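**Student:** With these hints in hand, go ahead and build the complete structure from the sequences.
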Amino acid sequence: MSELVQLGAPHDRPRPPRADELNLRFSEQGIHELEALKTHYPDLKSCILPGLWIAQREYGGFLDGAAIAEVAHRLNRSYAEVEGVATFYTMYNTAHKPGKHKLELCTCLSCHLCGSYRLRDYIKSKLGISHGETTEDGLFTMEEVECLDACDRAPLMQVGDQYYGPLDEAKLDALIDQLRNTEGSTVVKMADEIVQVHLRDVERHK
Amino acid sequence: MAAATQIETVTITVNDLELTVPKGELIVESVKRLGFEIPIFCYHPRMKPVGMCRMCIVEVGFKQPDGSVRKMPKPQAACTLPASEGMVVYTDTEAVHRDRKGVLEFLLVNHPLDCPICDRGGECPLQNNTLFYGPSTSRYVEIKRHLPKAYPLSKYVTLDLERCIQCGRCVRFTEEISGDSQLAFRFRGANMQPSTFGLMEFESKFSGNVIEICPVGALTSSKYRFRARPWDLQTRPAICTNCSNGCNVWMDYRVDKVVRINGRTNEAINEEWTCDRGKFGHDFYNSPDRLNVPLVRRGTALVETNWSEAYSDCIRAFTSSTNTAGLGGNANSNEDLFAWKKLFNEGFKSNELDYNWTKVAPIADPTHAKPSIASIEDAPSILVFGSSLADELPIVFLRVRKAWFKNGAKVIVAHDQATDADSFAELVLNYQPGTEATLAQALADAKAGKSVEAAAKLTGVPAEKIAAAAAHLTSSTAIITSHELLNRPGAHDALGALKGLGELRNYALNANDQGAAEIGIGTGTKRSAQILADARDGKLDALWLLGVDPFEVCEDHDLVQAALENVAFLVVQAHTKNGAFPYASVVLPMTAPAEADGTYTNADRHIQRFGAVLPAKGEAKPAWKAFSEISLRLKPGRPWFNADEVGRALGAEVAAFANHSFNQLPTEGLPLV
Chain A
0 MSELVQLGAP HDRPRPPRAD ELNLRFSEQG IHELEALKTH YPDLKSCILP GLWIAQREYG
60 GFLDGAAIAE VAHRLNRSYA EVEGVATFYT MYNTAHKPGK HKLELCTCLS CHLCGSYRLR
120 DYIKSKLGIS HGETTEDGLF TMEEVECLDA CDRAPLMQVG DQYYGPLDEA KLDALIDQLR
180 NTEGSTVVKM ADEIVQVHLR DVERHK
Chain B
0 MAAATQIETV TITVNDLELT VPKGELIVES VKRLGFEIPI FCYHPRMKPV GMCRMCIVEV
60 GFKQPDGSVR KMPKPQAACT LPASEGMVVY TDTEAVHRDR KGVLEFLLVN HPLDCPICDR
120 GGECPLQNNT LFYGPSTSRY VEIKRHLPKA YPLSKYVTLD LERCIQCGRC VRFTEEISGD
180 SQLAFRFRGA NMQPSTFGLM EFESKFSGNV IEICPVGALT SSKYRFRARP WDLQTRPAIC
240 TNCSNGCNVW MDYRVDKVVR INGRTNEAIN EEWTCDRGKF GHDFYNSPDR LNVPLVRRGT
300 ALVETNWSEA YSDCIRAFTS STNTAGLGGN ANSNEDLFAW KKLFNEGFKS NELDYNWTKV
360 APIADPTHAK PSIASIEDAP SILVFGSSLA DELPIVFLRV RKAWFKNGAK VIVAHDQATD
420 ADSFAELVLN YQPGTEATLA QALADAKAGK SVEAAAKLTG VPAEKIAAAA AHLTSSTAII
480 TSHELLNRPG AHDALGALKG LGELRNYALN ANDQGAAEIG IGTGTKRSAQ ILADARDGKL
540 DALWLLGVDP FEVCEDHDLV QAALENVAFL VVQAHTKNGA FPYASVVLPM TAPAEADGTY
600 TNADRHIQRF GAVLPAKGEA KPAWKAFSEI SLRLKPGRPW FNADEVGRAL GAEVAAFANH
660 SFNQLPTEGL PLV
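Chains A and B supply the protein sequences, listed in that same order.
Under numbering that gives the first Met the number 0, the first residue of the first sequence is numbered 0, with each subsequent residue one higher.
Under numbering that gives the first Met the number 0, the first residue of the second sequence is numbered 0, with each subsequent residue one higher.
If you are wondering where the hints come from, they were derived from the structure by calculation, not from laboratory data.
What you are looking at is a predicted structure, and each value in this text was computed from that prediction instead of being measured.
Beta carbons: idealized from backbone N, C-alpha and C, even for Gly.
It is possible that part of the hints are untrue.
Stated by the list, open to error - As a list, the in silico SDA-like pairs of lysine to any residue whose alpha-carbon atoms are at most 25 Å apart:
(1) B/Lys409 to A/His72
(2) A/Lys44 to B/Gly280
(3) A/Lys44 to B/Leu198
(4) B/Lys409 to A/Leu43
Unchecked claim - A partial selection of chain A residues facing chain B, derived with a Cβ cut-off under 8 Å:
(5) Arg14
(6) Phe61
(7) Gly64
(8) Ala79
(9) Gly83
(10) Phe87
**Tutor:** Below you can see the structure in the form of structure tokens.
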């Protein structure tokens, strides 16, 4: 009786991967950095956040299940615990794969008053994306975010590790053109910047 | 235990009553000493407090020099508040009641209130606390959060996310108690949900416990889901007979059918936990293959008969020859085993009974030293040798983990495969299969300061590791092995070597194997494999199978089949049709453990009573009753009328069981003398 009202049969749950089934993708540099970071903390649990930043860089800006499993495996924590940490923080991209560049538009009070919703609508008409969406070519993801703590430059947008503001339509056009011509992904670049911040100078990969 | 004077105490005031408690005791525990109740959701006495639900808030103040009380401006969570000198706690003020109402209204904002169809309805802490402390209405008129319902996390546990109040008990259970950390909170705020990694299979061996500790109906049992309402169920105390640990459980039944099993607290055995094998492994009680009437073979067919005809057949076969034998297995009560032995010894003039199916016999220990399961907790170091504890004795595994988690015991695991205990072990000695005896001897040698290079080469464990492990071993080290070790080569040598290294425990694996050994089953000249071999070679005239399916317990199926085919007369006494059933000459239906009064001896020689929960199926009888009635036909006398009488007769004959009969035992059981 009870089986009838369950979503899906209880016996076909996929099981979490075993250690030997993982497809580990960290580069030499990533492994080196993680080993260095492990020495910064009293236990491996504390190393989950920087570990996830390395993974976000190594996995092209998106923490999918495989990335989380790899971090958990390398830090000897449970998969569920690391996933719980990763999904708690919005700066880790766990829900869906972001585009090459993430346009994070501040919509808090100062920016709002200075027209950030107008810019939001402009992005929608120009790129066809609104909050949480990615362009079809995979270049841009647009997100409305809470206060970026730079009201003097309202309306403000964060792309990667850079703030752009005050913005208007013309400056936005120029920024988007500039990003189109940018070689690498600013999402990955920002993850790398954050990893480098965590490391001591001698530990950085030259 | 430390003397009471050594414990630092503080005096606090609870609702104007003075109370002296140990310093640092949590207020939520202290108020219980006076009989006050603080409503809780997330707090659990066996886990670390987190203060997540805010249900336990109390008003707290401190006595001022002028005698007045200065209250803190905000209420405090009693579950995270340690008692300190002069603390004044109020659990029953208007402000506290108002705050509790607020907390409950808030918790209920996103709760679906589908109580009419919820499994937890009627035994739900959220319902109870709302009834006693909550507001009668809600101001929330907006649309509630909706989330997947009935999400099967595993074949045992179904998750209903809407009902979750995010207390984190389940998450903490997997982190602190079972140690597999399979559950964690994903996302945050109102979207926070306890789940497995990627919503994949919840693989814990103790997953059933989260269903019980969930204070709402968010984690429900897949097997029990929508089967019954709690108030329609009858509940009686029972003992789990799925392994030798003898866990205390509540058996919930309805119209003579077992519906579910819940953990029952017994600090000496299982605290309050159950393993999945025990919690979900009681389907056999409701099996359609249960045996209801005696059967005898007439021609080629088994035909239904009455007890006296079945007895006559048995008596004819077993008295016409003394070349007979009996094989037992698991979950026979002490009474059954004693009556069985008595019938064989006195009625059938045979002592060829065995219950044990390991390759070599367990070592009989004349001192009866079996340190208790609870004492593992206090051991400074623990050596788990050749046993995958989480699979073989799951609740002992929890004790070992608790010793490490709570008391910082150093755990050393020696096994030829990876085991669950590796995750918290100080040292893992991964040896080559079959080198148990060598490794045990090497540990002893290393302890004595001898070189272990040769053994290191043989076992594949580095010599430094062996030396490091030996350094942890002291006379108070708990050395845990199980009867599984007896299937490995050189088991007796290994046990002999380990014996000198600490408090050696060699736990039996089947329910009441320990009892069978104490009663003297298995003292014949032949072991179970030899009895089967004799049967195969036609050297045995009659064989009695007491509640055992040899196909299940004996790896050599060809031997079992040949033995059952070739033995002249085979009695199958069982509660359910088993593999031996088709070969039977006589089938005697037996009550299952929950259907008759009986006592069971667990692996650490703790004897517990298991009163009948359900009525016997059809004409099935407790095995001891059948033996008693056969004895009566052989030699007139006064039969036993109940399990207590059998127990008293057992106590008179086997000293260890003196004063341990069914009626003499307290609810929580007693260690054997």
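**Student:** With chain B as the partner, please determine if A/Gly83 meets the hint condition of a C-beta pair closer than 8 Å.
**Tutor:** Check passed: Cβ of A/Gly83 comes within 3 Å of chain B, closer than 8 Å.
**Student:** Per the CB criterion, is A/Ala79 less than 8 Å away from chain B?
**Tutor:** holds (4 Å)
**Student:** Per the CB criterion, is A/Arg14 less than 8 Å away from chain B?
**Tutor:** holds (4 Å)
**Student:** Checking one constraint from the list: CA of B/Lys409 to CA of A/Leu43, max 25 Å. Satisfied?
**Tutor:** holds (19 Å)
**Student:** Quick check on the hint: A/Phe61 CB to chain B CB, less than 8 Å?
**Tutor:** With a minimum Cβ separation of about 14 Å from chain B (threshold 8 Å), the hint on A/Phe61 is violated.
**Student:** Would the stated hint for A/Phe87 survive a check requiring a Cβ distance to chain B of less than 8 Å?
**Tutor:** Result: holds, 5 Å to nearest chain B Cβ.
**Student:** Check the hint pairing B/Lys409 with A/His72 against an upper bound of 25 Å on the C-alpha distance.
**Tutor:** Roughly 24 Å separates the two Cα atoms, so the pair holds.
**Student:** For the pair we were handed, A/Lys44 and B/Leu198, check the Cα-Cα distance against 25 Å.
**Tutor:** This hinted pair holds, its Cα atoms lying about 22 Å apart.
**Student:** Is it true that the CA of A/Lys44 sits at most 25 Å from the CA of B/Gly280?
**Tutor:** violated (36 Å)
**Student:** A/Gly64 was flagged as interface toward chain B. Is the shortest Cβ-Cβ separation under 8 Å?
**Tutor:** Result: holds, 5 Å to nearest chain B Cβ.
Checked against the numbered hints above, the structure breaks hints 2 and 6 and satisfies the rest.
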